[in-house]
Structure formats: C-alpha cells, structure tokens
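> As given, the protein sequences belong to chains P and C, one line each in that order.
Just so you know, we're using our numbering here: the first sequence kicks off at 1 and counts up by one.
Just so you know, we're using our numbering here: the second sequence kicks off at 1001 and counts up by one.
Read the hints as simulated data drawn from the structure, not as lab findings.
Misleading hints may appear alongside valid ones.
As the list claims (entries may be wrong) - Here are the simulated DSBU-like cross-link-like pairs (lysine-lysine), alpha carbons at most 35 angstroms apart as the crow flies:
(1) C:K1099 - P:K119
(2) P:K268 - C:K1158
(3) P:K130 - P:K83
(4) C:K1131 - P:K268
(5) P:K43 - C:K1258
(6) C:K1196 - P:K119
(7) C:K1116 - P:K268
(8) C:K1162 - C:K1116
(9) C:K1114 - P:K270
(10) C:K1099 - P:K268
(11) P:K346 - P:K270
(12) P:K271 - P:K83
(13) C:K1116 - P:K313
(14) P:K313 - P:K83
(15) P:K94 - P:K43
(16) C:K1196 - C:K1270
(17) C:K1099 - P:K43
(18) C:K1158 - P:K270
(19) P:K271 - C:K1196
(20) C:K1131 - P:K313
Stated by the list, open to error - To give an idea of the chain C side of the interface with chain P (calculated C-beta under 10 angstroms), a few residues:
(21) N1069
(22) H1070
(23) Q1081
(24) L1094
(25) K1099
(26) F1124
(27) Q1182
(28) D1186
(29) S1187
(30) H1190
(31) D1217
(32) L1219
(33) A1226
(34) H1247
(35) Q1252
Note that beta-carbon positions come from the ideal geometry of N, C-alpha and C, so glycine has one too.
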Amino acid sequence: METKTITVWILGLFQLILSSVLETSNSSFVESLESTQSYDYSKYHSMDEIYRWMQDVERGNPELVSSAVYGHTYEGRNITLLKLGLEDPEGREKKVIWVDCGIHAREWIAPAFCQWFVKEIVNSYKTNKKLEQMLQNLDVYVTPVINVDGYIFTWANDSTRLWRKSRSTPPAGSSCYGVDLNRNFNANWGMVGVSFDSCANNYGGKSPGSEPEAKAVMDFVGRMVNQTLCFLTIHSAGQLILMPYGHPEISAPNYDELVSVGEAAAVKMKKVHGMGYTVGTSPQILYPNTGSSRDWARLIGIPFSYTFELRDKGEFSHLLPEEQIQPACEEAYAGALSIITYVHEKTFNSSTLPNASVFRVAMMIWSTVMAVSLTTGVMM
Amino acid sequence: MSLRIIVLLAVLTGTIGSPRPEADSADMKAHPNSVPETAEKTKSFVQQEVLVVEKAEENVMATGELNVNHYPARRAAQVVQHYLNTRYGSPYRLLQVDKVHRGNAEDVADSGRKYKLEISVMDFISNITDKCSAEILFPRGEQQRSPQVQALCEEPLKINTKAQEEALYQQYKMNSSLLSAQYLPDSYGHIEPDMKPFWHLSIVAASFIMLNESSEDTLYNVAQVANITQLATENDQLKFDCHVLLHEMVSQEIIHWKLLFTWSPPDGVKVLQMEQLPHRHEGEKPPNTN
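This is chain P alone, in the form it adopts within the complex:
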C-alpha cells in the first residue's frame, strides 16, 4: 500500500516538474518569437540589445538558426555569429555563405543591415520555396558586429560617435588606441593604403592578423574555406560594390565574372529605391588598400568576395538617419540576395538533379511496365 502511494506521489511530482519545464521552455520559445516580431529593425541598437536579439532569434527559430561564439575582442567580448540553414534532405555537404557587418565601428547602418538580413530570411523562408531550397544547400553565417569594442565605444557619448578602429591599447610610445581591422587581414598586409602610425585611422596593426577580431574571422572562415562560396563584408558609406583586390597591380582570376555578378546586383539594388551603386575594384573607384577582409577571402580561394559600401554619398555619410535604415536595408538585401542566388545556382544548378534521378527511375519502371504489357499483349 505505502509503496503505491509513494509511487503515485513520485509520478505526480515528476509530472509537475516536467510540465513546468515544458511550459517555461515553450513560453521562452514563444517569448523569443514575440520579441523578435516586436524588435524595431528601423532603429539603431546598442550592443546589449543586439546580443539579446541574437539569443531571441535563435530561441525563436531553432530549426533555422543556431549561434556560435568564434572569438573574443581585444577587451574580451564575444564575437558571435548566427548560422542560418536547414537540414539538407539529401544529406549532402552544405556550402557556406559568409556575411559580416561592423568591422568599422562608426558604420552603424552595417550592423543594422545584418539584423535586417536575418529578419528577412527568418520571416520569408517558410513561404519562399527558392529561399528554402537555398537554405537546404547553404549555411549562411552572419556576424552582426565584428568590432564589438569599437561599436560599443561609438555609443559612449556624442564625441565618440565617429570612431572607426578597434579598441586595442596603444603600442609602446604611443597614446593612440585601436587598429583598422580592415587593414589587418593577411592579404598583402601593409603594402598600400595603410599607415604604420598607430594614431592613423587606417593603421594596419603590428602584423597581419595581430588583432583578435581579424584573427577570429581568419581562423573560423579558414577552417571552412573549401565549402565557402561567397564572402560579403558590409560597410558604409559611398554606395559602392567593391571587388578584390585593393592592391592596384593584382587582379582576381575571375575578375570578369566578379564584375558581371556585381553589376547584376547593382541593377537589382537600383530597382528597389532608385539608388545607384558603383561596381569596381577599390583602386578603381575608391582608393588602393591592402589587408582587407575581402581581399583575404579572395586570396585564400573564396571565389566571390565583395565589400558593400551602403548609403549614402556624403550628405550624412556615417550618420545615416534612422528613417533611411529600412530603404537602405531593402536595397542592400536585394543586392546580397542577388549574389547569393547566383552563387547558389552556379554550384547547385543541377538542383533538379535529385528530382531528375527519381524521375529517371520512375520512367524506367514505367517504360518497363509498358514494354512488358505491350510484349505480353502482343504475345497474347
């Protein structure tokens, strides 16, 4: 008798615990879903808000989104990415698309775009068959803010808003903080368009990859280089689509294709709100420079590597008004998607192949059946 009572009690307790656990996990799921729906993508967000948003997006969309901390900034903060991808029904190896934002602290529209980009995919993949298919073949890695220390610094007060570099401490003999992370990558490092003066805004650091933020990207993407099809790095301003290389005397082997894919993206971008984006290498349309992440990506073999310089063309420059966040992100999304789609089609253009092989088998069976029935019919 007593054993039965105890058993009943234990079962009851267990059930209570289980149901409350389920409830909380379910409610946090619902909460996360709700908070990402109410998140204002047309406002600039502090780093704390962005970290929280990443957690919410992941919790609210577990079948699509996962996160990873792949490095730490100079001041020890997490460098976090969101990985967007669906299970491949064929179980094949996924290819990789890389998107990063906020290498330069003051370019606030860039992290805003990365958040917008994730939101768009999360909100449309269930109803967009093409996007769903792409996500089955591709994993899209999005880092909303690479230069977390710098970004946080630009939020400190009115006078820090235009900070560009990281927040590494001054080298010996200097009182100037920070390295231009986009001159620190291992791609013809230190050769042109870069300064060795630690006080300069394009100071490239003391050696290639000396900065933890740049090293984190190189280590992480380096491990996936064989699967990586496309590397997009988002900046402002100028309305440009920059191709490798920043060195004026080095050309990418697929220069022509990079131009045509870039031009196609610019056409798509202009269709959205009439804004023109110029396509070219940095030495052609902006200035020569080496040590950029885009150049590093192309150099290690990632075939499609672009820097997007978003709005505007000088009226507000980096201080782009919040009412322009939505249109700027809409056109940038169109451009990014154009390139990603091209790269996907090129790699998986026999995307009907799985279906085709099923079709072939079906046809074979059907023809056999027909042949049999005809032959036997004739026979009979």
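Got chain P sorted already, so can you dock chain C onto it with the hints?
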C-alpha cells in the same frame, strides 16, 4: 526471349528515355571549389598578367579621357561641389555631385594638372538637378596650394530661396537670445527641423575649407557640425562660431576645424577665420565644444 526484350527495353529506357540535366557543359565552372588545380591555375596566371598590364596603364596618373566611375573624376567633381557651395550655398540651397558625365585630365607643364568635367549636381533640399561644366587646376609644386576652379552651371539659382532666407535672417536678427546648437546631425542621423538651415549654413562655410584643402588625393565631406553658436554683431550680418568635423575619405580621418563666419541674404557666407584643431589623442582632453 520476351524476357530478354523486356530487359533490353528497360535498359534502353533507363539510358535514353529520361531528360538529361544540362549540367554537362558547365562542367568545371559549376563547381568552383572543385576546379582541377593545374588547369585553372594556368588560366588564372595568364588572365592575371593581362589584367596587370591594363591596370598599370590606368594607374599611371589618369590622363586623357577619364572613366567617370573611377576615383580621379569623382574627386575632381567633389572639388567643384565645394566651389559651387561657396558661391551659391545658403541655408536653403546646398549642392551635391549627382553624376559625372564626362571627364578629361591633362598635365599642364610646370603648373599642375587640369581636369575638365561635365557633371550634374543636385540640390539636397529641392532635389532639383542642374548641369555644370567645370575646369579644375590642381597645382603642382613645393607648397600645397589650393585647386583653382572655374564652373558654369545652367541654372544655379533656379530655386528661389530669397523669401525663406529673408525670413530666417529676420528671425535670428531680432531674436534676443542667440542660437546655440550641438551635434548636427546627432548620433542617430537626426536633426531638428528648425536646426536644418544652420546645418546647411555650416556646410556652406566648411566648403571654403574643403575647397582650400582639396587635392587629387582627397575627398572631403562634412561628417558633423559639433557646435554652432551665434555671436552678437553691431552690423547687419549674422555671425557664427562653428566647430565642424570633416571626413576625409582617402585617409578616413576626421579633421576638426573651427570657423568664424558671417551670413546675410544679400552677402551670403563670408569666412572671417578658420583654424584646424590638432588631431586629438586619447590621453588629451577634448576641445571645449561649448
């Protein structure tokens, strides 16, 4: 016998009867990551060489007909923009390069490099565009001298801003308290509508600096007006003390300047004093923006 026929038919159907995906011709290109190493490498080496030659030609200071999308034309056009704003800019008119239609550059023996441009400019405020032709001479020599610009636009004063300018002038001439504003735009890109004319006015004044400081190796924009303060005057001008942050694109530096200037509708902007503030290092106190 019939079984053999069936098997044969089945085999034939399997190999011929089904649609063939068109991937075959794409072969190597379809899988950029699985390109046979040697073949692609040879191809890329040859391509690389060809492009290096082309690039070298382009890089030897752009001369002759300019590519309108490339930076030399763009930088020269920006100089024209600054020049036009010093001449026609006002709290209600501010011009921006819209497009470079044609460009040409040539060395002028001993004196420098002359650019001839056909451009369109757009007024920020009305969005009306205008066509201009301009000549810019970037002097060469030991000293860094300012570029010399001549420009002719079709209808620079097309939009009549006289009434608005007069109203603004009267309002601030009569006002007992003097204007003082900071951080235009603010960190979020926001400017109070009442302050916009002073943001424009500061950019016009800063255009004098940007024009003076420009060269073929620079591209200037006003990043932000840190502070603008109205000063009392005895004459009919409005007078302002202003601290601007200029963004120089090529070096990516933010350069601080202090300006003292006057403005009235008939006389436009006149810069009385300008002074570059030293590059602030972390340890030093920021200049008093108040």
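> Are the hints correct? Go through all of them and say.
Quick rundown of the hints versus the structure:
1. C:K1099 - P:K119: holds (34 angstroms)
2. P:K268 - C:K1158: Cα-Cα ~33 angstroms, so holds.
3. P:K130 - P:K83: Cα-Cα ~18 angstroms, so holds.
4. C:K1131 - P:K268: With a Cα-Cα distance of about 27 angstroms, the restraint between C:K1131 and P:K268 holds, given a limit of 35 angstroms.
5. P:K43 - C:K1258: Holds. P:K43 to C:K1258 sits at ~32 angstroms (cutoff 35 angstroms).
6. C:K1196 - P:K119: Since the Cα atoms of C:K1196 and P:K119 sit roughly 33 angstroms apart, the hinted pair holds (cutoff 35 angstroms).
7. C:K1116 - P:K268: Cα-Cα ~32 angstroms, so holds.
8. C:K1162 - C:K1116: holds (32 angstroms)
9. C:K1114 - P:K270: Since the Cα atoms of C:K1114 and P:K270 sit roughly 33 angstroms apart, the hinted pair holds (cutoff 35 angstroms).
10. C:K1099 - P:K268: holds (19 angstroms)
11. P:K346 - P:K270: holds (23 angstroms)
12. P:K271 - P:K83: holds (29 angstroms)
13. C:K1116 - P:K313: Cα-Cα ~22 angstroms, so holds.
14. P:K313 - P:K83: Status holds; Cα separation ~32 angstroms.
15. P:K94 - P:K43: holds (33 angstroms)
16. C:K1196 - C:K1270: Given pair C:K1196, C:K1270 holds - Cα atoms ~19 angstroms apart, limit 35 angstroms.
17. C:K1099 - P:K43: It holds: about 30 angstroms lies between the C-alpha atoms, which stays within 35 angstroms.
18. C:K1158 - P:K270: Judged against 35 angstroms, a Cα distance of about 28 angstroms means the pair holds.
19. P:K271 - C:K1196: Between P:K271 and C:K1196 the Cα gap is close to 30 angstroms, so the pair holds against 35 angstroms.
20. C:K1131 - P:K313: Roughly 18 angstroms separates the two Cα atoms, so the pair holds.
21. N1069: Status holds, d = 5 angstroms.
22. H1070: Holds, about 5 angstroms.
23. Q1081: holds (8 angstroms)
24. L1094: holds (9 angstroms)
25. K1099: This interface hint holds because 8 angstroms falls under the 10 angstroms limit.
26. F1124: holds (6 angstroms)
27. Q1182: holds (7 angstroms)
28. D1186: holds (7 angstroms)
29. S1187: holds (5 angstroms)
30. H1190: Since the shortest Cβ distance to chain P is 6 angstroms, the answer is holds.
31. D1217: holds (9 angstroms)
32. L1219: holds (8 angstroms)
33. A1226: Hint holds; C:A1226 Cβ to chain P Cβ min 8 angstroms, cut 10 angstroms.
34. H1247: At 6 angstroms from the nearest chain P Cβ, C:H1247 passes the 10 angstroms test, so the hint holds.
35. Q1252: With a closest approach of 4 angstroms, the C:Q1252 hint holds.
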